[in-house]
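Asks: Residue numbers (this note's numbering), protein chains in the order written: chain G, 1 to 442; chain Y, 1 to 333.
In case anyone wonders, no lab produced these hints; they're calculated from the structure. The beta-carbon is built from N, C-alpha and C at its ideal position, and this holds for glycine as well. Incorrect hints may appear among the rest.
[What the hints assert, rightly or not] Calculated lysine-lysine pairs in the DSS-like style (CA-CA distance at most 27 Å, straight line):
{"hint": "1", "chain 1": "Y", "residue 1": "Lys94", "chain 2": "G", "residue 2": "Lys392"}
{"hint": "2", "chain 1": "G", "residue 1": "Lys362", "chain 2": "G", "residue 2": "Lys256"}
{"hint": "3", "chain 1": "Y", "residue 1": "Lys194", "chain 2": "G", "residue 2": "Lys61"}
{"hint": "4", "chain 1": "Y", "residue 1": "Lys194", "chain 2": "G", "residue 2": "Lys24"}
{"hint": "5", "chain 1": "Y", "residue 1": "Lys94", "chain 2": "G", "residue 2": "Lys20"}
{"hint": "6", "chain 1": "Y", "residue 1": "Lys166", "chain 2": "G", "residue 2": "Lys261"}
{"hint": "7", "chain 1": "G", "residue 1": "Lys385", "chain 2": "Y", "residue 2": "Lys94"}
{"hint": "8", "chain 1": "G", "residue 1": "Lys256", "chain 2": "Y", "residue 2": "Lys194"}
{"hint": "9", "chain 1": "Y", "residue 1": "Lys94", "chain 2": "G", "residue 2": "Lys24"}
{"hint": "10", "chain 1": "G", "residue 1": "Lys231", "chain 2": "G", "residue 2": "Lys293"}
{"hint": "11", "chain 1": "Y", "residue 1": "Lys194", "chain 2": "G", "residue 2": "Lys20"}
{"hint": "12", "chain 1": "G", "residue 1": "Lys128", "chain 2": "G", "residue 2": "Lys320"}
[Claimed, not checked] One-sided and incomplete, this derived list gives chain G residues near chain Y with beta-carbon spacing under 10 Å:
{"hint": "13", "residue": "Lys29"}
{"hint": "14", "residue": "Val52"}
{"hint": "15", "residue": "Pro207"}
{"hint": "16", "residue": "Pro223"}
{"hint": "17", "residue": "Trp224"}
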Amino acid sequence: MLAGLVAIPALAETVGWPEKAELKFGFIKLTDMAPLAVAYEKGYFEEEGLFVTLEAQANWKVLLDRVIDGQLDGAHMLAGQPLGATIGYGTQAHIITAFSMDLNGNGITVSNDVWQAMKASLPEQDGKPLHPIKADALKPVVEAYRKEGKTFRMGMVFPVSTHNYELRYWLAAGGLNPGFYAPHKGDTSGQLQADVLLSVTPPPQMPATLEAGTIHGYCVGEPWNQQAVFKGIGVPVITDYEIWKNNPEKVFGVSKAWADKYPNTHIRVVKALIRAAKWLDENDNANRAEAVKILARPNYVGADEEVIANSMTGTFEYEKGDIRPVPDFNVFFRHNATYPYYSDAIWYLTQMRRWGQISESKPDSWYLQTAQKVYRPDVYAAAAKALIDEGKMSAADFPDFENEDGFKPPQSEFIDGITYDGRHPNTYLNQFPIGLKDGDRL
Amino acid sequence: MVTMTLPDWLAPYRDLMRGKAGPAQQQAVLRQLVWPLLGIALFLLLWHWAAQNIQTSLGQFPGPATVWEQTQALYQEHREGRQREAAFHERQEKYIETRLAQQPDWQPVRRDYTGAPTFFDQVGTSLITVMSGFLLASALAIPLGIVVGLSAGVHAAVNPLIQIFKPVSPLAWLPLVTMVVSAVYTSSDPWLAKSFLTSMFTVTLCCLWPTLLNTAVGVTSVSSDLTNVSRVLRLNAFEHVRRIVLPSALPMMFTGLRLSLGIAWMVLIAAEMLAQNPGLGKFVWDEFQNGSSQSLGRIMVAVQVIGLIGFLLDRLMLALQRFLVWDKSAAQR
Numbered sequence: 001m002l003a004g005l006v007a008i009p010a011l012a013e014t015v016g017w018p019e020k021a022e023l024k025f026g027f028i029k030l031t032d033m034a035p036l037a038v039a040y041e042k043g044y045f046e047e048e049g050l051f052v053t054l055e056a057q058a059n060w061k062v063l064l065d066r067v068i069d070g071q072l073d074g075a076h077m078l079a080g081q082p083l084g085a086t087i088g089y090g091t092q093a094h095i096i097t098a099f100s101m102d103l104n105g106n107g108i109t110v111s112n113d114v115w116q117a118m119k120a121s122l123p124e125q126d127g128k129p130l131h132p133i134k135a136d137a138l139k140p141v142v143e144a145y146r147k148e149g150k151t152f153r154m155g156m157v158f159p160v161s162t163h164n165y166e167l168r169y170w171l172a173a174g175g176l177n178p179g180f181y182a183p184h185k186g187d188t189s190g191q192l193q194a195d196v197l198l199s200v201t202p203p204p205q206m207p208a209t210l211e212a213g214t215i216h217g218y219c220v221g222e223p224w225n226q227q228a229v230f231k232g233i234g235v236p237v238i239t240d241y242e243i244w245k246n247n248p249e250k251v252f253g254v255s256k257a258w259a260d261k262y263p264n265t266h267i268r269v270v271k272a273l274i275r276a277a278k279w280l281d282e283n284d285n286a287n288r289a290e291a292v293k294i295l296a297r298p299n300y301v302g303a304d305e306e307v308i309a310n311s312m313t314g315t316f317e318y319e320k321g322d323i324r325p326v327p328d329f330n331v332f333f334r335h336n337a338t339y340p341y342y343s344d345a346i347w348y349l350t351q352m353r354r355w356g357q358i359s360e361s362k363p364d365s366w367y368l369q370t371a372q373k374v375y376r377p378d379v380y381a382a383a384a385k386a387l388i389d390e391g392k393m394s395a396a397d398f399p400d401f402e403n404e405d406g407f408k409p410p411q412s413e414f415i416d417g418i419t420y421d422g423r424h425p426n427t428y429l430n431q432f433p434i435g436l437k438d439g440d441r442l
Numbered sequence: 001m002v003t004m005t006l007p008d009w010l011a012p013y014r015d016l017m018r019g020k021a022g023p024a025q026q027q028a029v030l031r032q033l034v035w036p037l038l039g040i041a042l043f044l045l046l047w048h049w050a051a052q053n054i055q056t057s058l059g060q061f062p063g064p065a066t067v068w069e070q071t072q073a074l075y076q077e078h079r080e081g082r083q084r085e086a087a088f089h090e091r092q093e094k095y096i097e098t099r100l101a102q103q104p105d106w107q108p109v110r111r112d113y114t115g116a117p118t119f120f121d122q123v124g125t126s127l128i129t130v131m132s133g134f135l136l137a138s139a140l141a142i143p144l145g146i147v148v149g150l151s152a153g154v155h156a157a158v159n160p161l162i163q164i165f166k167p168v169s170p171l172a173w174l175p176l177v178t179m180v181v182s183a184v185y186t187s188s189d190p191w192l193a194k195s196f197l198t199s200m201f202t203v204t205l206c207c208l209w210p211t212l213l214n215t216a217v218g219v220t221s222v223s224s225d226l227t228n229v230s231r232v233l234r235l236n237a238f239e240h241v242r243r244i245v246l247p248s249a250l251p252m253m254f255t256g257l258r259l260s261l262g263i264a265w266m267v268l269i270a271a272e273m274l275a276q277n278p279g280l281g282k283f284v285w286d287e288f289q290n291g292s293s294q295s296l297g298r299i300m301v302a303v304q305v306i307g308l309i310g311f312l313l314d315r316l317m318l319a320l321q322r323f324l325v326w327d328k329s330a331a332q333r
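Just chain G, with the same shape it has in the complex (with noise of 0.2 Å):
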């Protein structure tokens, strides 16, 4: 219906017309696939002569394979899995990506049972704990469960996710090791040295496998951590926001194969998600409610107006009752959140090393040769560009593009404090009291 009211400009004619009409993109029942629900919903896609169907997908691998295979023309895709296919990590196939979909928006769960025993020592501040909460928390829970001779295990999504990395490093920070992945000896299970096991779960069975006990917490987005409020499950224990301040979170990723063949079409799709997620953190989130709302539908996440609105709308609610605001939960469009960044790509690249999916130490600029190779952030200026000369956006929406060379400022406020800047990856990574540095083998 909101779609129907839009009426079709005028095809400007700065992109030359799509080569190809009808896309099927997929996506994984997340809020964070907002931008293409909104593309779709208010007409943007249409609007570049793009016939969208957009279907969601079983977990991430299916995804990743159907966008490799051809079934679909791009996806809603983790930041990682680009890259760990681009350099052969699970699935070797070029994808590249020109889009960044959101910042933030994920959170760490645990069981009550593990919230209770954690809650003992955390300091207190107005009858509430004290927020960021800490690993250092964890640690003594995980202690104990050692004595008595069990696991602890912890779910997250897919292991090249930002969530199995936002895990590990909330887990690392607070002195737990997470384990690490040794592909080069077949081990690809990422347990070794392990204090906490963390194993793949997908995003919606996150709550079903808490409530089983097969897990005892897990790392998720939205709106899975809130549905375990909302149905007593478990109790969220810090956002990645407070791990890692304006973290990028998903990608719109293609194969490299099918940008190459649709140039055009693929600066279309672009265009149109630019549109989405500007409309999406406009007036200062004013369209959120109406996000919900099309969220809310059976076909893209699905789940309760009430429990999607939670997070969306600028609060988290952590344990029960206990709601705080956390404005940018979900950031979509400001801070240019869209614009791919090389040091983003380069960052989840050191993860990828620190828990040693990447074998070798590898120079500082292999980092970059690789974050090149997979985010374009040229397709991303032409769309831009092209939504300027409309008139839909402004240059002020935009990083400035003739002096832009892809990197953030150094960034510092993560959760260990230690400092992120995207040039010098093998002395960030020399940093960390756990994880592999330069020239470590396992």
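Fit chain Y to the known structure of chain G by using the hints.
Replies: Only chain Y this time, still in chain G's reference frame:
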């Protein structure tokens, strides 16, 4: 002159209408109407009671009332979906007009609606897929079954394979079928969707066996009198099969076909759930993943519809059997 004959089961009601209410009619009405209705009513009560006592993390287990509510909601969504579709086509016409004004040499292409399929669309997809898979399976199994039944040698050769492949679960076939279809079927503008083909072939592979086996048994058990008649008449092989073997084997073949269709329907839902191929199975899986407070109710609607369709498919085969087989008593129940 056309004579209308009532089906047997309707006769007691005709008699009742004509004022003939004897013990025979009462018995029939009890058996056909009262007992089944009582059974269903009891089931609904039990279901309602049990549902109230099961609390899941997605809320109360859906009872009959919730299911009825969700059925209406799904129908409403279906109607809204149709309106969206109409609006989509309208916008598309406008797009074509605008683009033609700018690019007169462009060949307009009209695209299918890109919105999400509704519940009823999914039912349709599943029905088409199951019938395709079943027809393909029958087309393979019946001729093969006849050959196996006629020749002891072929039977000996094929039997071990049948015995080994018969118990394989659809969940085991699916990954193989998916990979093979992806590898072999690589048209850039496919006429049939890959997802349809994988569902269909999985169904075929799983529901081949009952028809094959039963056809073979049916063919083997043709009475020797009839075979002798065929010899005396010097029927050629084709005529022998057509006039002697097929008619005698038909009841057994239909037993196989009915089993096959039942299996096909069960396999299809499982395959759709696992592979996320369009259809009722995907609907169920999507709802499970949605985890909304309505999800269980909607899944329950799907369960009822799956059951109902399975039942109707079986009745359809039975009707076909009644129509085709000379021995009507073989087509009971």
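Asks: A separate judgement is required for each hint: does it hold in the structure or not?
Replies: Taking the hints in turn, this is what the structure says about them:
1. This hinted pair checks out: Y/Lys94 and G/Lys392 have alpha carbons roughly 21 Å apart, not beyond 27 Å.
2. As the CA atoms of G/Lys362 and G/Lys256 are separated by approximately 24 Å, the hinted pair is consistent with the 27 Å bound.
3. Simply put, Y/Lys194 and G/Lys61 have alpha-carbon atoms about 18 Å apart, close enough for the 27 Å limit, and the pair holds.
4. Between Y/Lys194 and G/Lys24, the direct Cα distance comes to roughly 13 Å. Compliance with the 27 Å bound is thereby established for this hinted pair.
5. Taking the CA atoms of Y/Lys94 and G/Lys20, the gap is near 19 Å; set against the 27 Å cutoff, the hint holds.
6. As the CA atoms of Y/Lys166 and G/Lys261 are separated by approximately 45 Å, the hinted pair breaks the 27 Å bound.
7. Between G/Lys385 and Y/Lys94 the alpha-carbon distance is near 26 Å, which keeps this suggested pair within the 27 Å criterion.
8. Only pairs whose Cα atoms come within 27 Å are accepted, and G/Lys256 paired with Y/Lys194 is accepted, the gap being roughly 22 Å.
9. Between the alpha carbons of Y/Lys94 and G/Lys24 the distance comes to roughly 22 Å, so the proposed pair stays at or under 27 Å and holds.
10. Restraint check for G/Lys231 and G/Lys293: the C-alpha separation of about 20 Å stays at or below 27 Å, so the hint holds.
11. Our distance criterion of 27 Å between C-alpha atoms is met by Y/Lys194 and G/Lys20, whose separation comes to about 19 Å.
12. The hinted pair formed by G/Lys128 and G/Lys320 meets the criterion: a straight-line CA distance of about 11 Å does not exceed 27 Å.
13. Contact between G/Lys29 and chain Y, as hinted, is supported at the beta carbon level, the nearest pair being about 5 Å apart and thus within 10 Å.
14. The beta carbon of G/Val52 is positioned within 10 Å of a beta carbon in chain Y (closest approach about 6 Å), and the interface hint is therefore held.
15. Satisfaction of the interface hint for G/Pro207 is found here, the shortest Cβ-Cβ separation to chain Y being roughly 7 Å, below the 10 Å cut-off.
16. At its closest, the beta carbon of G/Pro223 sits 8 Å from a beta carbon of chain Y; the interface hint therefore holds under the 10 Å criterion.
17. With a least beta-carbon distance of about 8 Å to chain Y, the hint placing G/Trp224 at the interface is held under the 10 Å criterion.
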